[in-house]
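Undergrad: Sequence:
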Amino acid sequence: MFKRYTEKAKRAIMIAQEEAINLNHDYIGTEHILIGLIKEEEGVASQVLRQLGVNVDKEILLQKYIKSPHSCCSRN
Numbered sequence: 001m002f003k004r005y006t007e008k009a010k011r012a013i014m015i016a017q018e019e020a021i022n023l024n025h026d027y028i029g030t031e032h033i034l035i036g037l038i039k040e041e042e043g044v045a046s047q048v049l050r051q052l053g054v055n056v057d058k059e060i061l062l063q064k065y066i067k068s069p070h071s072c073c074s075r076n
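For the sequence shown, full-length UniProt numbering begins at 1 and goes up steadily by one.
Keep in mind that a hint or two might mislead.
Unchecked claim - Calculated lysine-lysine pairs in the DSS-like style (CA-CA distance at most 30 angstroms, straight line):
| # | residue 1 | residue 2 |
| --- | --- | --- |
| 1 | 10 | 58 |
| 2 | 58 | 8 |
| 3 | 8 | 39 |
It should be emphasised that the hints constitute simulated quantities derived from the structure, not laboratory data.
The structure presented is a predicted model; accordingly, all values stated were derived computationally and were not measured.
Full structure from sequences and hints, please.
TA: Shown next, in the form of structure tokens:
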């Protein structure tokens, strides 16, 4: 499956997987892939996202807030 991906894309996916594990999520979602794209600093996506002001720390905080049981958006 990963044969057609560039090395940068593979790294971004691996980072996304690590972030999902760090956040105790049992899935890899678009939010994790976004973090992976940002943290894979050599890729075009990372450069564009940084120029747009997207920040990994803010993204992770947002994910924690959304998943929080006290969040207005939480589904329990």
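Undergrad: Are the hints correct? Go through all of them and say.
TA: How the hints compare with the structure:
Distance hint between residue 10 and residue 58 is fulfilled; the C-alpha atoms sit about 23 angstroms from each other, no more than 30 angstroms. Between residue 58 and residue 8 the alpha-carbon distance is near 22 angstroms, which keeps this suggested pair within the 30 angstroms criterion. Our distance criterion of 30 angstroms between C-alpha atoms is met by residue 8 and residue 39, whose separation comes to about 11 angstroms.
Going through the hint list in order, the structure satisfies each hint without exception.
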